Amino acid sequence: MTDSKYFTTTKKGEIFELKAELNSDKKEKKKEAVKKVIASMTVGKDVSALFPDVVNCMQTDNLELKKLVYLYLMNYAKSQPDMAIMAVNTFVKDCEDPNPLIRALAVRTMGCIRVDKITEYLCEPLRKCLKDEDPYVRKTAAVCVAKLHDINAQLVEDQGFLDTLKDLISDSNPMVVANAVAALSEIAESHPSSNLLDLNPQSINKLLTALNECTEWGQIFILDCLANYTPKDDREAQSICERVTPRLSHANSAVVLSAVKVLMKFMEMLSKDLDYYGTLLKKLAPPLVTLLSAEPELQYVALRNINLIVQKRPEILKHEMKVFFVKYNDPIYVKLEKLDIMIRLASQANIAQVLAELKEYATEVDVDFVRKAVRAIGRCAIKVEQSAERCVSTLLDLIQTKVNYVVQEAIVVIKDIFRKYPNKYESVIATLCENLDSLDEPEARAAMIWIVGEYAERIDNADELLESFLEGFHDESTQVQLQLLTAIVKLFLKKPTETQELVQQVLSLATQDSDNPDLRDRGYIYWRLLSTDPVAAKEVVLAEKPLISEETDLIEPTLLDELICYIGTLASVYHKPPSAFVEGGRGVVHKSLPPRTASSESAESPETAPTGAPPGEQPDVIPAQGDLLGDLLNLDLGPPVSGPPLATSSVQMGAVDLLGGGLDSLMGDEPEGIGGTNFVAPPTAAVPANLGAPIGSGLSDLFDLTSGVGTLSGSYVAPKAVWLPAMKAKGLEISGTFTRQVGSISMDLQLTNKALQVMTDFAIQFNRNSFGLAPAAPLQVHAPLSPNQTVEISLPLSTVGSVMKMEPLNNLQVAVKNNIDVFYFSTLYPLHILFVEDGKMDRQMFLATWKDIPNENEAQFQIRDCPLNAEAASSKLQSSNIFTVAKRNVEGQDMLYQSLKLTNGIWVLAELRIQPGNPSCTLSLKCRAPEVSQHVYQAYETILKN
Amino acid sequence: MIGGLFIYNHKGEVLISRVYRDDIGRNAVDAFRVNVIHARQQVRSPVTNIARTSFFHVKRSNIWLAAVTKQNVNAAMVFEFLYKMCDVMAAYFGKISEENIKNNFVLIYELLDEILDFGYPQNSETGALKTFITQQGIKSRHQTKEEQSQITSQVTGQIGWRREGIKYRRNELFLDVLESVNLLMSPQGQVLSAHVSGRVVMKSYLSGMPECKFGMNDKIVIEKQGKGTADETSKSGKQSIAVDDCTFHQCVRLSKFDSERSISFIPPDGEFELMRYRTTKDIILPFRVIPLVREVGRTKLEVKVVIKSNFKPSLLAQKIEVRIPTPLNTSGVQVICMKGKAKYKASENAIVWKIKRMAGMKESQISAEIELLPTNDKKKWARPPISMNFEVPFAPSGLKVRYLKVFEPKLNYSDHDVIKWVRYIGRSGIYETRC
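Protein chains in written order, with numbering that gives the first Met the number 0: chain A, 0 to 945; chain B, 0 to 434.
Note that these hints are calculated values from the structure, not bench results. Computed from a predicted model, the values in this text were never measured in an experiment. Don't take every hint at face value.
What the hints assert, rightly or not - Below are the BS3-like pairs computed for lysine-lysine, each with C-alpha atoms no more than 27 Å apart in a straight line:
| hint | chain 1 | residue 1 | chain 2 | residue 2 |
| --- | --- | --- | --- | --- |
| 1 | B | Lys129 | A | Lys34 |
| 2 | B | Lys409 | A | Lys326 |
| 3 | B | Lys307 | B | Lys255 |
| 4 | A | Lys321 | B | Lys355 |
| 5 | B | Lys307 | A | Lys282 |
| 6 | A | Lys317 | B | Lys218 |
| 7 | A | Lys326 | B | Lys129 |
| 8 | A | Lys34 | B | Lys361 |
| 9 | B | Lys218 | A | Lys282 |
| 10 | A | Lys544 | A | Lys317 |
| 11 | A | Lys26 | A | Lys44 |
| 12 | B | Lys94 | A | Lys4 |
| 13 | B | Lys307 | B | Lys338 |
| 14 | B | Lys10 | B | Lys83 |
| 15 | A | Lys326 | B | Lys280 |
| 16 | B | Lys212 | B | Lys10 |
| 17 | A | Lys4 | B | Lys129 |
| 18 | B | Lys144 | B | Lys94 |
| 19 | A | Lys281 | A | Lys311 |
As the list claims (entries may be wrong) - Under 10 Å between C-beta atoms, here's a sample of chain B residues computed to sit facing chain A:
| hint | residue |
| --- | --- |
| 20 | Glu12 |
| 21 | Ser16 |
| 22 | Asn48 |
| 23 | Ala74 |
| 24 | Ala193 |
| 25 | Glu347 |
Unchecked claim - Derived coverage of chain B by chain A (criterion: at least 3 residues anywhere in the stretch with Cβ under 8 Å from a Cβ of chain A; other residues may be distant):
| hint | region |
| --- | --- |
| 26 | 66-73 |
| 27 | 107-115 |
| 28 | 119-126 |
| 29 | 148-154 |
| 30 | 389-403 |
Glycine included, C-beta positions come from ideal geometry on N, C-alpha and C.
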């Protein structure tokens, strides 16, 4: 009875002693020795040296000793595979034992020994045990199939164990069914495509029957499996729901949560007009509330899940606010989660109570909790307009407490309240200003500065206040610096007379003394704006800001839907899809809610449409090109490739047969051509950080302006087209176009966040393409992109990236990454962005080249509906770097001889025949790489017609 | 599924370590110790993710139980399993302590082998487990074939919680209705939230495989019956209660409860928790606390607390304890109370006022003067709520057991022969009044 003594042997020579004891003749002594070995193993000592001695004890009648030896075997067999073989005989023999407990023990243990040679011997006993007369053996064997599959999946398939396992789903014993379901579900996870579980109405019915009879754990396995099924219509969904609802009264919280998962998922298919739908909603609330009287760890799991449920179907718990009130003795993790849910449930009806609670919480001890409570008060103000005034006065009370972190947090949220209700609560500014000195956190300082700048006209000493921040400008964080810059510019625009000096000072600090490109760029933009057109500056800087949205931290809908399918699991605790924390292929199959079926309102909301795709089938954005896609996936989304093409070999491999003779020229044997394009424009699109929404939108106007100017000298710019619809990219919509201005190519992008989540950490990368287009600078999205916000970015491109011929030639595959995921799309770029500025050929040269290029390389095209005269056409083309070398008039037709050069040095010669009065003209192109002709022709057409 | 299960003492030394899955290595044992047990900061979550490995933990006194996984497991199930594991251990060797775990480590390994297979929880009913795993080692030699198959069919069977062939000379059962009443009250006496969470615990010593049916004054049932016969509604004018939600032991037929709201089951032998329930309406709050806190200058607080008992004068409440928090900078306290004993406990920052017994509809009062040390701490005292503990001999929810019928068709004893005992105990849960 006093086994603890085994833990205390720490003598030297212990192993040697144990060895002697293990080989003792006395049974008792042997057993004692094995216990000592296990105790040493537990605390982490290496006792593998005793392997043969321990295994020798295996042949025994004493079941307890046998179990101990097995335990040892499971631990060390892998390190001593050859010795482990010694054990096989005993296992095989035990599998024939008349005692079912011993048969099961043998098959259970054998599956845990991960040694190939043992696995071979396992197959026969396992086959027998799967058909054993005793249910205890069968249920153990069912799990063993999953173990074996983990060691050697192929073997399990070859031996036909999967079919036997499927048969066990119809077993008469509920526990066997449950274990078979668990094993099959796990195996199916690693073969997402196979239809292993083969759920159909008949098998579902069997599962539902077993559900009533098996242990609590078995019920969980079955419910989790049911959740993967998609009923064929709403009637089937309803009948399953009806049979699952009794589980909501189970004492085991996991059974309840798994039942909730099934119901939440299948509810999606039910029409809201159905009476049953309402009944079900009502049935869901009480068990969820009951989960909150469980032990704290389970409460935590439940609260994380309720957080999801409240976002998906707020109606379920809308009357249950009180149960989420924080108790003084709740563990901190429970408190924080409850607070989160309280805010989500806050409404006009209960706001008074909620506020009273929040105020109470704001005086607690835990700093994180207090901060969150203060923030929650701000969120309530934004969410429930009627309460805003009360919230503001509560916040003011809290500021009076002078507790440093409370004050700072309060100021951050008051800024948001100002954003939501402009010109309403400015009376509090004076109080805020009193606390200026105590602010030491960047976020609070930035918020305060924003307030001062925004309301500069009402704060008498705004200039003094801002000036005081200016002293330590370089020690401030970027957030504060940017805010300070903007605030002082605002102040200057409002009170230009007194603050000229201040604005000069901040502009020079930002532009000359700072290493931060964002700050510098913003500084320059303001400087230029102010110096060229103060009126425009006013319009830009003091533009009216869009109101901030009510719900700021909702989970993005597609992710939410996915997480609903994972209720009860770790994914729902982390609020992340399993792929974010599970290694390898397991469990990364995307799950989605079933679509509403045809019998109910079919096209209820467009959002549900995409989730209707069969699970696991993600829309392919890029045409499947096998390993090509692989290349793109492997691209490093860090800084762009700036060096020369790295993968020359693959270029040749890809190009030899495709490009034939044109290879040399395409590869750029005229380096100066490439050199010409090497100039990389500095990133001009410094979108200001922080309060991005207002300023960002103001600035985008500014950019429109510059690009408008640009079109006069640059080549034709097509209007932006949607490249990546939001549906395919978890809410990120990308549209864009390509431009070429004074020698530099850029990709003008417009990123719109149509999700509910803030997007950050943008990066872009191109796949190898025909002309080596690559980003010349990282994708600069400075501020997090908040929901419904759009940002315009001009991404400078270089043509020194890796080259690979694409089909079509001007195909560009792009990967864009953000904090949510990586998205892929492909687009076609117009060839004229590649026409370089020095593409004008000397006349003699032109003649010689024209003759030199074989006639079979000549291609002829008709450009219809283009009623331009030669002059107009020529000048139009010139602006896109197609140069007229010579002009002739032959038989009333104008002949334009033109040349252009691509970034990789390929020359294209053209003859354009224009007949006055005839809207069509004829274009003959000659080029050493004839495959570009088609695209040059398209470029001609676009340029001439626009 | 669960990849491994570790038990540590308070120092972080491993007492039990069982790995079920190949993806969990020995380093997981250390990762948890370093990142959670030895972490400087207070634990912020019962689920921790360290290097793509998730750790679930619960603590029992100073023992840590941790389950480890690398997969997207059912988190609720893992915690339920850990609790169950604690129950099973407690049922075998009592309190979960380092000493007991070390003394029983062989047994624990055996249990872990039985109740968790490849990380899947298996039958964990102590009743069933005890038939073949005992502290004295395994009874294997002396079993007959019938006994063995009886064990296996019980472990895997539909009624896994009860074995056949149980015999008692005296058929007896005990029902305990245990309620904990929770309250959060504002200083002005407004009820912010109140609920009762109750449990019906049954101890049964019945022969054979008895069918039981349990009835209580559930509003839904009473109203349903009322519809049938009009006179009965007038007759059973007694109170019924609205149960917000209830959950049952796995022996209760849930589908039957869902359709007919009747609670029928074959009970496990001995003690078990038949049901848990929660009510929020018409709760009898046994005590009312009326606080009065006055700050006299910066260095003195005057506190007066009145408690009123609010139940039948014939009943007696017991073990009454009122805990009045005091500020951290308290230097001295003077207390006067009319009844019981009151003491200032500096280590707990509270005045603890204890009264042994108090009848219903009575009132008692305590007043205290608290001297404070002057501080320049800007932060105000958070004023934690005044909490109360007590025990009363009735169910604050108003729940009444109407019947518990026992049928055993095979053996010759009837419902009348069973001796039944019913007891109601109401205890304070979190019973707080803000001040």
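Status of the hints after comparison with the structure:
Using a Cα cut-off of 27 Å, the hinted pair Lys129 (chain B) and Lys34 (chain A) holds, with the two alpha carbons roughly 22 Å apart. Restraint check: the Cα-Cα separation between Lys409 (chain B) and Lys326 (chain A) comes to about 51 Å, which exceeds 27 Å; the hinted pair is violated. Simply put, Lys307 (chain B) and Lys255 (chain B) have alpha-carbon atoms about 43 Å apart, too far for the 27 Å limit, and the pair is violated. Distance hint between Lys321 (chain A) and Lys355 (chain B) is unfulfilled; the C-alpha atoms sit about 33 Å from each other, more than 27 Å.
About 38 Å separates the Cα atoms of Lys307 (chain B) and Lys282 (chain A), which puts this hinted pair outside 27 Å; it is violated. For the hint pairing Lys317 (chain A) with Lys218 (chain B), the CA-to-CA distance comes to about 24 Å; that is within 27 Å, so the pair holds. Note on Lys326 (chain A) and Lys129 (chain B): the hinted pairing is violated, with a Cα-Cα distance of about 39 Å set against a maximum of 27 Å. With a C-alpha separation of about 62 Å, the suggested pair Lys34 (chain A) and Lys361 (chain B) falls outside the 27 Å cut-off, and the hint is violated.
A threshold of 27 Å between alpha carbons decides the hint, and for Lys218 (chain B) with Lys282 (chain A) the separation of about 17 Å falls inside it, so the pair holds. Between the alpha carbons of Lys544 (chain A) and Lys317 (chain A) the distance comes to roughly 32 Å, so the proposed pair goes past 27 Å and is violated. Restraint check for Lys26 (chain A) and Lys44 (chain A): satisfied, since their Cα atoms lie roughly 24 Å apart, inside the 27 Å limit. This hinted pair checks out: Lys94 (chain B) and Lys4 (chain A) have alpha carbons roughly 19 Å apart, not beyond 27 Å.
A threshold of 27 Å between alpha carbons decides the hint, and for Lys307 (chain B) with Lys338 (chain B) the separation of about 12 Å falls inside it, so the pair holds. Distance check on the hinted pair: Lys10 (chain B) and Lys83 (chain B) sit about 24 Å apart at the alpha-carbon level, within 27 Å; holds. For the hint linking Lys326 (chain A) to Lys280 (chain B), the alpha-carbon distance of about 20 Å falls within 27 Å, and the restraint holds. Between Lys212 (chain B) and Lys10 (chain B) the alpha-carbon distance is near 49 Å, which puts this suggested pair outside the 27 Å criterion.
Pair hint Lys4 (chain A) plus Lys129 (chain B) holds up; C-alpha atoms about 25 Å apart against a cutoff of 27 Å. A distance of roughly 35 Å separates the Cα atoms of Lys144 (chain B) and Lys94 (chain B); the hinted pair therefore is violated under the 27 Å criterion. The hinted pair formed by Lys281 (chain A) and Lys311 (chain A) meets the criterion: a straight-line CA distance of about 15 Å does not exceed 27 Å. Annotation: interface hint on Glu12 (chain B) holds; nearest CB of chain A at approximately 7 Å, less than 10 Å.
For Ser16 (chain B), the shortest C-beta to C-beta distance to chain A is roughly 5 Å, which falls under 10 Å, so the interface hint holds. The criterion of a C-beta within 10 Å of any C-beta in chain A is met by Asn48 (chain B), whose closest approach is roughly 6 Å, and the hint holds. Checking Ala74 (chain B) against chain A by beta carbon gives a least distance of about 5 Å; that is within 10 Å, so the hint holds. At a threshold of 10 Å, the smallest CB-CB gap from Ala193 (chain B) to chain A is about 9 Å, leaving the interface hint in force.
Restraint check, Glu347 (chain B) versus chain A: the minimum CB separation of about 13 Å is more than 10 Å; hint violated. With 6 residues carrying a beta carbon less than 8 Å from a beta carbon of chain A, the region 66-73 of chain B meets the three-residue requirement, and the given coverage holds. For the region 107-115 of chain B, the stated coverage by chain A holds: 3 residues have a C-beta nearer than 8 Å to a C-beta of that chain, and at least 3 were required. Note: the region 119-126 of chain B has 6 residues with beta-carbon separation from chain A under 8 Å; the three-residue rule is met and the coverage holds.
Coverage of the region 148-154 of chain B by chain A holds. Counting CB-CB distances below 8 Å, 5 residues qualify, and the rule asks for three or more. Taking a C-beta to C-beta cut-off of 8 Å, the region 389-403 of chain B contributes 0 residues in contact with chain A, too few for the three needed, and the coverage statement is violated.
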